[in-house]
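Number of protein chains: 2
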Amino acid sequence: MQSPIEFSVIARDDGARAGRLVTGHGEVATPAFMPVGTRAAVKAMAPDELWDMGYRMVLANAYHLAIRPGAELVREMGGVASFMGYRGAVLTDSGGFQAMSLAQINSITDDGIRFRSHLDGSLLMLTPESAVEIQQHLGADIMMALDECTPYPCEHGRALKSLDLTARWAERSHAARISTTQALFGIVQGSVYPDLRKMSAAQITSIAFDGYAVGGLSVGEPKPAMLEMAALSVSMLPADKPRYLMGVGTPADLLAAIAMGFDMFDCVLPTRNARNGSAFTSEGRISIKQAVHARDGRPLDPACDCRPCRTHSRAYLRHLFMSGEILAARALTEHNLHFYANLMRGAQAAIASRTFAAYAKDVAAGWPVKEAAEGA
Amino acid sequence: MQSPIEFSVIARDDGARAGRLVTGHGEVATPAFMPVGTRAAVKAMAPDELWDMGYRMVLANAYHLAIRPGAELVREMGGVASFMGYRGAVLTDSGGFQAMSLAQINSITDDGIRFRSHLDGSLLMLTPESAVEIQQHLGADIMMALDECTPYPCEHGRALKSLDLTARWAERSHAARISTTQALFGIVQGSVYPDLRKMSAAQITSIAFDGYAVGGLSVGEPKPAMLEMAALSVSMLPADKPRYLMGVGTPADLLAAIAMGFDMFDCVLPTRNARNGSAFTSEGRISIKQAVHARDGRPLDPACDCRPCRTHSRAYLRHLFMSGEILAARALTEHNLHFYANLMRGAQAAIASRTFAAYAKDVAAGWPVKEAAEGA
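Protein chains in written order, with the working numbering: chain A, 14 to 389; chain B, 14 to 389.
This is chain A alone, in the form it adopts within the complex (with noise of 0.2 Å):
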């Protein structure tokens, strides 16, 4: 079958590269980060706003979405994006992390996950199989195979039995898969231990996915460990597809994940961090907070062109944020995707000049000592 999607590499520098990924719902400039849109919608942000910051893909839930409201419902409207009213392509994790995350009581057979729904306590079953058939209900542009996405810590022997796991749900995930214009990623495990991430690297890509990701990072494990494995696990995925770090991380991280020829990122960490209050910004983070912003007339980030930093001074955000207004939530959270997707265009452009190098060391020496140090 030919793969539902085009993915060609337009620049190298290094280890790392710029490519073009063409979706049933348009084009993605990679590497290309993706805002978390859980539920169908990245918090506090509107389609329309996501698409003119740049973003042209956005990450949603299959196992919140498959709970409310329905795969099936989801299908009646068109597909996530059409549902959504987003313009540009969806991908969608398989639901098993939070089958297993969220879920009152579950229990992981050969044959699925078995768990009670967090919303209503009703019985559910996610198999391989299924989750690819809710996947294609939903009409993602990009699904995901169903996998076990093991904590930190997991001891080796523990480690190895789910990587078994994982490549024959990898299997029978690629064999049920029956749409003909939505590309299905297999997902490398193997948890900090090199000899299980080559064999699962090795497992995974003898199935001919679209695409490569490689999971089970920052789930707590030292920063070195997750910079290793996610390094030696790309370096096995084939250079024609690609290859996707699932959940990291930091402008940092996602720095040094691009180096290694990583395409693809999705985190929680800008949207999630900005309703709490932080912000990123060319001088570093900022807890908006802080007293010290009380009487700061200066926006968010003096070097940053979006909304709310050409509206707003510091002094008003923290005032909306101490009221617990909503405007605090869009504001920040419209920043720091703004700030992502400006990190990401200017690695693009670095790699097509091949000065990524001495882009990557620019962008870090904006920021203090204590953030660049969390990173490398």
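Hint data in this document are derived by calculation from the structure and do not stem from the laboratory.
Here a beta-carbon is modelled for each residue, glycine too, at the ideal position from N, C-alpha and C.
Please note: incorrect hints may appear among the correct ones.
Quick look at which bits of chain B chain A covers, simulated, 3 or more residues with Cβ under 8 Å [claimed, not checked]: (1) 52-60; (2) 96-108; (3) 304-316; (4) 319-326; (5) 329-338; (6) 351-359.
Assemble the complex: chain A is given as a structure, and chain B must be docked to it using the hints.
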């Protein structure tokens, strides 16, 4: 002293009038509805969105802003409009209503209202003089004199006594105003008693305020009493000054009050109802949480051209609301404020073409019987 605002009636149609109010922050077409931005933010909305919908004046609350972030801080930031990043005008209420209704402990003396802050319990005193001083610091284009808003029901003797206090406070408020760029309005009280409404109107209009408001309505009294008192009060206000009906109301209430000759309105209804899932439409009110909307691909109001109606289905909005997504509050608030802005634009045009009665009838004809009866 010359009035800091200019008001001119540019068209009349029976009792209704269309006008032009020029403030220190630009021109406002009347009849005008002011969205309520209690804490210097209209909940869920960005200031440029209000401007783009056609709103040229919003209301902010002196009590809330004096407590947090403080009137002095707002003054340092250039006044409330500048603080908000709003290009239009701002009217502030005096804070008396909130000092009585929100504060933990309060007592009224001839001097003013003594109360404890609902935020930190600090003991504060609001006098006619300090209420004007606070509003001067806030930089409001229109300030309101401190009054006592009687609850409903309220005995005649109690209401009469309150009226005396309100009249004396009005004198002191007027004497306390120093600013030559900020207008000050007096407020007519009198509960549901015609004799007291007349007495209050005579007292308040004997003072050279820049405009006159009718207060103490929509506080629980029956709708016919509200409309009767509003009509009686407005008939005693000078024709050459703006007339403001405080805290009212539904679309039907607004049309009725415009017919009486009121020029300005504020109400939390479009914004608060939105956050509770209730939308005003050309076909009456819709509660988006109802199951009937679950698979409805139509917009909230097929006759509406607001951004949410152009972008989102009822099915999606219901999903957002049921999921507690901020975008639900945003979309419904934007829609409702768009509805109110259109209602006012329609009224202005109808008065100019001397077709206001037909306009009010046509608008109401779109609503279900229950809705129309409620406002009648």
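Outcome of the hint check:
no.: 1; hint: 52-60; in the structure: holds (count 8)
no.: 2; hint: 96-108; in the structure: holds (count 3)
no.: 3; hint: 304-316; in the structure: holds (count 3)
no.: 4; hint: 319-326; in the structure: holds (count 4)
no.: 5; hint: 329-338; in the structure: holds (count 7)
no.: 6; hint: 351-359; in the structure: violated (count 0)
Taken one by one, the earlier hints fail for this structure only at number 6.
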